[in-house]
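Peer 1: The lines below spell out each chain.
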Amino acid sequence: MTAAGPAARTFQVEDDWLAVNELYVERGWTDGLPIVPPTTARVEEFLRHTTRDRLEVVAVLPPRQGEATVEKIAINAAMAGCRPEYFPVLLTAVEAVAEPPFNLDAVQATTHPVTPMLIVNGPIVKEIGLNAGYNAFGQGFRANLTIGRALRLVLMNVGGGLPGSGDRSTQGSPAKIAYCVAENEDESPWEPLHVEAGFDRNASTVTAVPCEGPHNIQDHFSSTGLGILRTIAGAMGQAGSNNLLDRGWPVLSLGPEHAATIARDGYGKRAIKEFVFEHARFPLARLGDEYQRQQITRHGVVDDPGTMLPIVESPDAITIVVVGGAGKHSSWQPTFERQTRLVTRVIPPRSRAAR
Amino acid sequence: MLVPHPLGGIAAADVLKKVDPAALLVARALAKDASRGDETLAQPS
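From first to last, the protein sequence lines are chains A and B.
Reading the first sequence from the start, the letters are residues 293 to 647 in our numbering.
Reading the second sequence from the start, the letters are residues 2 to 46 in our numbering.
Read the hints as simulated data drawn from the structure, not as lab findings.
All values reported here derive from a predicted model rather than from experimental measurement.
The beta carbon of each residue, even a glycine, is placed where N, CA and C say it ideally should be.
Hints are not guaranteed to be accurate.
Unchecked claim - One-sided and incomplete, this derived list gives chain A residues near chain B with beta-carbon spacing under 10 Å:
1) Gly297
2) Glu306
3) Asp307
4) Val312
5) Pro329
6) Pro330
7) Arg356
8) Ile365
9) Leu445
10) Gly451
11) Gly452
Please construct the entire structure, taking both the sequences and the accompanying hints into account.
Peer 2: Structure below.
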């Protein structure tokens, strides 16, 4: 999209950090946390990290159909506390969530606690200090937290995803505050996500996944890959997830220790996906009567007490990444539904150099 | 200090023509909400 949007209006505020924050909260321009005042000078620093025109409409974001210009994205990045060099990641993330397969309209407005999880791959991870190790989904790293937060501010301020109006999530999720992680490529025994998707290993990419927060999978006892995979399949084949409801595209985020054991025993990504497809299942007979009928009528499953319900339609629907530090933990991210898919986009190399 | 407004404008009519009519209704309903007490500084709709 190359249309131009309007320039941001500017206005004077008190030269006082607390007063500015009270004003932004009062106007509903924040996620509930304090913001960094996006002075015009600060916003200019972000714009130096892209070659794109400040008025270019990067995407039109539902449900408000707001125009996410380069400038508006920079303003929200500044508010989130990003460093200017993070800006190319955020620009690419906004493009990714606006791709039709991501189905942002549904993701923004649904009652489900789905939110974009950003997985960053490639050299830019180390260049800007994204955390892929201990506590990768948690606190402690500015790049992870502020890039994730900036995307949420864009979705709220430009896209209109405000709790109770444009965003009708029943309970929400802490993952909706900030959800950005890097794949631990150094400790992955397999090719990283972006290479598996067909991109060059030296490319930097952002993958946006419409999913829930991480569901932990603990296995301290299995010493074989098969044992760990049985635990993983048991965790993923659960009642109540939208993947059991409607299948979809779940993510398996393997901790490096689990990944190493599984790989040592000869499993590649393809074999893991096939195992999960076959074994991450839930018994039809353990669901309530109405839910059983939903599965029979919607998915055509056999109405039999022995029927085991899958969470995906094929092994290829499962995405595998390696994330985190040492320890016997992995996690999985249930996704929203079949109509919302992950999107990977390349971060343009040219835009990484400040003009 | 001088700060720019963080909300985007609403997409132009030719862009919105491509949008599902139901989504358009939602967008119009949100347009008022989007100004959020900032009538003098921004008219996003």
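Peer 1: Confirm or reject each hint.
Peer 2: Each hint tested on the structure:
Hint on Gly297/A holds. Least Cβ distance to chain B is approximately 6 Å, under the 10 Å limit. Nearest Cβ of chain B to the Cβ of Glu306/A: about 8 Å, under the 10 Å cut. The hint holds. The interface hint given for Asp307/A is met, as the beta carbon of that residue sits about 5 Å from the closest beta carbon of chain B, less than 10 Å. The beta carbon of Val312/A is positioned within 10 Å of a beta carbon in chain B (closest approach about 7 Å), and the interface hint is therefore held.
Taken as an interface hint, Pro329/A checks out: its beta carbon lies about 6 Å from the nearest beta carbon of chain B, inside 10 Å. At its closest, the beta carbon of Pro330/A sits 6 Å from a beta carbon of chain B; the interface hint therefore holds under the 10 Å criterion. Satisfaction of the interface hint for Arg356/A is found here, the shortest Cβ-Cβ separation to chain B being roughly 4 Å, below the 10 Å cut-off. Look at Ile365/A: its Cβ gets to within about 9 Å of chain B, closer than 10 Å, so that hint holds up.
Interface restraint check for Leu445/A: the shortest CB-CB distance to chain B comes to about 7 Å, inside 10 Å, so the restraint holds. For the restraint placing Gly451/A at the interface with chain B, the shortest Cβ-Cβ distance is roughly 8 Å, inside the 10 Å limit, so the hint holds. The beta carbon of Gly452/A comes within 4 Å of a beta carbon in chain B, closer than 10 Å, and the hint placing it at the interface holds.
Of the hints listed earlier, there is not a single one the structure fails to meet.
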